[in-house]
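Go by the hints and put chain C onto chain Z.
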Amino acid sequence: MGRSFNILKGLIYLSVYITTTMVIPFLTFTYIKEMQVMDVNIILEQPDYERIIFWVSAFGLLISSCAFFTYSSPKQSIRKGTFALIQVIVNCLYVWSYKFSGATEIRFELIIEATNLGFIAIDVQNMVKLYMGVYFLTIVLKGYDFFDFVINRKTIREKRYKTELGGISKA
Amino acid sequence: MNMRYSRLFRWVVRGFLLVFTLSLSSVSILGGYSAMTIFDPDVHNVKIPDGEITSNLDITNPSGMYINVPYNISNSGVYDLTNIELSFQVAMTYGDASTPLNETTTVIIFSKEEIIGTVVHGGSLKSNLVGTGTDGFIIANIPDPSTEVDWTRAPYALEFYVTLTFSAFYSLDLYKFTVNIMDLPVGHIP
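Residue numbers (numbering that gives the first Met the number 0), protein chains in the order written: chain Z, 0 to 170; chain C, 0 to 189.
Since the hints were derived computationally from the structure, they do not count as laboratory data. Keep in mind that this is a model prediction, so the values were computed, not measured. All residues carry an ideal CB built from backbone N, CA and C; glycine is no exception. Among the hints, erroneous ones may be present.
Interface residues of chain Z toward chain C, partial, derived using beta-carbon atoms under 10 Å [what the hints assert, rightly or not]:
id, residue
1, M21
2, V22
3, E104
4, G117
5, T137
6, V139
7, Y143
Extracted from the complex, chain Z is given alone in its bound form (with noise of 0.2 Å):
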């Protein structure tokens, strides 16, 4: 019971990742990449398009991976401590790979009738790098559990199968 609920919770946890670091992004950037507003079309380069999306999907299957690991684990387990903390870090580099992808400064060109008008360019850099200071206390969170499940290890296992042997279990 107590491992077939692990397999499911960590099977859960997985397609909402694979749903809010892939499967949302991919839909947002393919939806933006080609727009029209009176009459003129506002396009996101095929080049820039294609490299957002590889390192969107490339992160986005080592967080789910890794979001799969985490979840499916013992509570308060070493494992569980160690993929969380490993997720975290993951996490943050896919945050980073919308910058070095050229996700952060978006540049769509203004074309009306096959002429090139101009350029709109959307940089949001400021925005990731605050948003990689609050993730912060996620990697500070994550980091304590990791020490605080190796520390108290004796004392976590014991209460553990306490509780399992007393027959509520909560893995």
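Here is chain C on its own, set in the frame of chain Z:
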């Protein structure tokens, strides 16, 4: 560490995380929504040029050249538009009579950047970008009309194109956007 303290520590950090994440999300959503209202093509909140560009681009008298670009920026969003910059360039295309085949040449004859500053939310700014012979025009780039310009060039001896760049920060300086319109034909001689 006592388990009770570690639980307390976790809840405090989670609380901060929740507050920061919610604040960041609301700033993003409000910023995005406001930007859409400012740039709504049906409303024309940012009008550059706001009316006709008046100019004298007679290269036979460089000191008398001038250009006047009226603009109007209305900020109907919820945040201030900050660090607004407007850059304006005029390029001139002509046939270079000093080359054997009167090669078509393009030179930048006017370039000016204006730092407009801030337009607070709900406010608007109506002004002009002005350039005169000594301020903005690059006299050194202007060809000698008597020896370097092919006045028989078709369809026009001189053609003028404008490149305009407007940039500003928005949403507590978290977003920067730039709009660039290039090589817009604005006139010709004769």
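Tested hints:
For M21(Z), the suggested interface contact is broken, since its CB lies about 20 Å from the closest CB of chain C, more than 10 Å. Hint on V22(Z) is violated. Least Cβ distance to chain C is approximately 19 Å, over the 10 Å limit. The criterion of a C-beta within 10 Å of any C-beta in chain C is met by E104(Z), whose closest approach is roughly 9 Å, and the hint holds. Contact between G117(Z) and chain C, as hinted, is supported at the beta carbon level, the nearest pair being about 4 Å apart and thus within 10 Å.
A least Cβ separation of about 6 Å between T137(Z) and chain C falls short of the 10 Å threshold, and the interface hint therefore holds. With its C-beta approaching chain C no nearer than about 6 Å, V139(Z) sits inside the 10 Å limit, and its interface hint holds. Hint on Y143(Z) holds. Least Cβ distance to chain C is approximately 7 Å, under the 10 Å limit.
Hint compliance for this structure: hints 1, 2 are broken, all remaining hints hold.
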